[in-house]
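Participant: Could you build all of it, start to finish, from the sequences and the hints given here?
Here is how the chains run, residue by residue.
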Amino acid sequence: MTRRALGYPVLALAALFALFPIYWMVITALKSTREIFTSPPTFWPAHPSLANFESLFHFNYMGLYLRNSVIVVTVSVGIALVIGSLAAYALARFQVFHRSNEPLSFGILAVRMIPPIVIVVPIYLSVQRLGLLNSYGGLMLVYSATNLPFVIWMMRSFFEEIPVDLEEAAMADGASRLSAFRTVALPLAAPGLVATSIFSVIVTYNEFIYALVITSTPKAETVPVGASTLIGKISVDFGPLAAAGVIAMIPIVIFALAAQRHLIRGLTMGALK
Amino acid sequence: VANEALADLWAGIALPVHRRARPRRFAGLAPLAPYFMLLPAGIMLLGISLYPLLYSIRVSLQRFSFEQPIDVGLLNYRLLLHDSLFWSSLRVTVTFTIGAVALETVLGLSLALLMSRETQLFRRLRMVYVLPMIIAPVVVGIVWRLLYSADVGAVPFLASVVGVHDFNILGSPTLALPGVVLLDVWEWTPFMFLVLLAGIQSLPTEPFEAARVDGARPVQLFLTIMLPMLRPILLVALLVRTMDAFTIFDQIFVLTRGGPGISTEVISLYAYKTAFKFSQIGYAAAIVFCMVVFLGIVSVSFIALLRRNPAER
Chain B
1 MTRRALGYPV
11 LALAALFALF
21 PIYWMVITAL
31 KSTREIFTSP
41 PTFWPAHPSL
51 ANFESLFHFN
61 YMGLYLRNSV
71 IVVTVSVGIA
81 LVIGSLAAYA
91 LARFQVFHRS
101 NEPLSFGILA
111 VRMIPPIVIV
121 VPIYLSVQRL
131 GLLNSYGGLM
141 LVYSATNLPF
151 VIWMMRSFFE
161 EIPVDLEEAA
171 MADGASRLSA
181 FRTVALPLAA
191 PGLVATSIFS
201 VIVTYNEFIY
211 ALVITSTPKA
221 ETVPVGASTL
231 IGKISVDFGP
241 LAAAGVIAMI
251 PIVIFALAAQ
261 RHLIRGLTMG
271 ALK
Chain A
1001 VANEALADLW
1011 AGIALPVHRR
1021 ARPRRFAGLA
1031 PLAPYFMLLP
1041 AGIMLLGISL
1051 YPLLYSIRVS
1061 LQRFSFEQPI
1071 DVGLLNYRLL
1081 LHDSLFWSSL
1091 RVTVTFTIGA
1101 VALETVLGLS
1111 LALLMSRETQ
1121 LFRRLRMVYV
1131 LPMIIAPVVV
1141 GIVWRLLYSA
1151 DVGAVPFLAS
1161 VVGVHDFNIL
1171 GSPTLALPGV
1181 VLLDVWEWTP
1191 FMFLVLLAGI
1201 QSLPTEPFEA
1211 ARVDGARPVQ
1221 LFLTIMLPML
1231 RPILLVALLV
1241 RTMDAFTIFD
1251 QIFVLTRGGP
1261 GISTEVISLY
1271 AYKTAFKFSQ
1281 IGYAAAIVFC
1291 MVVFLGIVSV
1301 SFIALLRRNP
1311 AER
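Sequence order for the protein chains is B and A.
All residue numbers for the first sequence refer to our numbering, where the first residue is 1 and numbers rise by one.
All residue numbers for the second sequence refer to our numbering, where the first residue is 1001 and numbers rise by one.
These aren't lab readings, by the way, just hints derived from the structure by calculation.
In this text, a Cβ means the ideal position worked out from N, Cα and C, and glycines have one as well.
Fair warning: there could be bad hints in the mix.
[As the list claims (entries may be wrong)] Covered by chain B, according to a simulated footprint, are these stretches of chain A (three or more residues, beta-carbon under 8 Å):
# : segment
1 : 1039-1048
2 : 1143-1150
3 : 1245-1253
4 : 1271-1280
5 : 1291-1297
Facilitator: Here is the structure:
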């Protein structure tokens, strides 16, 4: 009983703590420069306007950043899904090692745990040597590789949930291994594919440090890097900065809402399995 | 020869199963096919793990500033030992990591305990709690920059309402790091909470009922039954968070860029500046290698703790 009485207020407080900072960014984006600097601050914009957003597209490169992000994210997640699903299928259906595939799976998980900062210098040098600095190609190469461990891990668990009999039946009817994979296993794992891609898209769209070192101009810069360039050494234009934050956030929120059911599985991956 | 081998591999994959001697044996079919399916992924995975790590170690033994590298042996590491910026960044990182992860664990566990029964309400509010951890770390940095900023922020205003004036978090060497800790708590408590909630909800109910019949108090139930049963999942969550917090970069890059002074300059930011601002690639690689060693020690000790069965102690 006490637990219940305590639960609701704490829950509400936690929700307020989670939401207020984001709310503050959204209303700052909708305020005029003068209103942003009024003291005491307003907690509801007096004259909400989209001027800050307009200035981002007119006097900044937000349109380019968005285009770069969409292209790079789509292609690299696509590549990771194809290559990763193949590998995941092999791990789920074959005895790759003598006793078990676990050491290999553990190794894949370990790769996922490598923090980007630890490998960003050699990756930068490799991309430079390939002549792919400040290009889509460099970003796509890095992102399709960094997405792989997650794709393999997720898709493997989805493939394992599909009964082997179905593919065996298809192959008994004369289908090849590859076409059994394509026509039986892959369609059945489609929900898993969707969940995996949504999560990969979120992670890739949000990625910062590789994009920061690989790109250098709006020709290839992605949304997070573009947003960070709004913070000057001396002054910060708070209105456009807040608007950039909102723009960077919106696609992710939409994606997350679309994938609510699968999201928790991806977010807590590794810790729960 | 290579082409023939490739053709054989494809034939192995493509061969209909009923032509085979043992049609029902999946593992016996085309023994090389799975390796072929793993190959592209394997190359790419090695390309972003083993290769960069080894290359990094090699570069750390060189004087390397984007020109012709010169081998200098362990010079970079010897310089590190006397580099006060390095030790300061290590101190900042460890302080930040311990503070943030401890707070997140306590808050996440408390919330999970409170909410373990409120599944209906929780399901409706879940997206709200998840929001901070799915938006880009850069956006998290922007959010808190707008909150903390002395001119326009909500936090200085709220502080002045309580009677604390000129509450300039980002301008104060003592307050900036706690400010970053609060940002991290905001962003990552949901993770601890979700993982521990799932853990609590998956626990069997019998031990608790038995203990309750024996007259155990709630605190005893928590300490003697729930906590030991949660231990594995708690350790994994702690490991994930510790590694993540230890390598924090994006949020600090946007919020303080290490300032004021070097009061929030964490080790990853120091490595980044060394490599990409001061072009000392070799030295940066040495810093990064120290991070790898540190993270390796942390993960190995967590895994050792996980392997040890508490019942045998």
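Participant: Go check the segment 1291-1297 of chain A versus chain B for me, would you? Three or more residues, Cβ under 8 Å, otherwise it fails.
Facilitator: holds (count 3)
Participant: When I compare C-beta atoms, does the segment 1039-1048 of chain A have three or more residues closer than 8 Å to chain B?
Facilitator: The restraint on the segment 1039-1048 of chain A holds, since 7 of its residues have a Cβ under 8 Å from chain B and three suffice.
Participant: Three residues minimum, CB to CB under 8 Å: does the segment 1271-1280 of chain A make the cut for coverage by chain B? Let me know.
Facilitator: holds (count 4)
Participant: How about the segment 1143-1150 of chain A: do at least three of its residues have a C-beta closer than 8 Å to a C-beta of chain B?
Facilitator: holds (count 6)
Participant: According to a criterion of three or more residues whose C-beta lies within less than 8 Å of a C-beta of chain B, is the segment 1245-1253 of chain A covered?
Facilitator: Holds: 5 residues of the segment 1245-1253 of chain A have a Cβ under 8 Å from chain B.
Violated hints for the displayed structure: none, as all numbered hints are satisfied.
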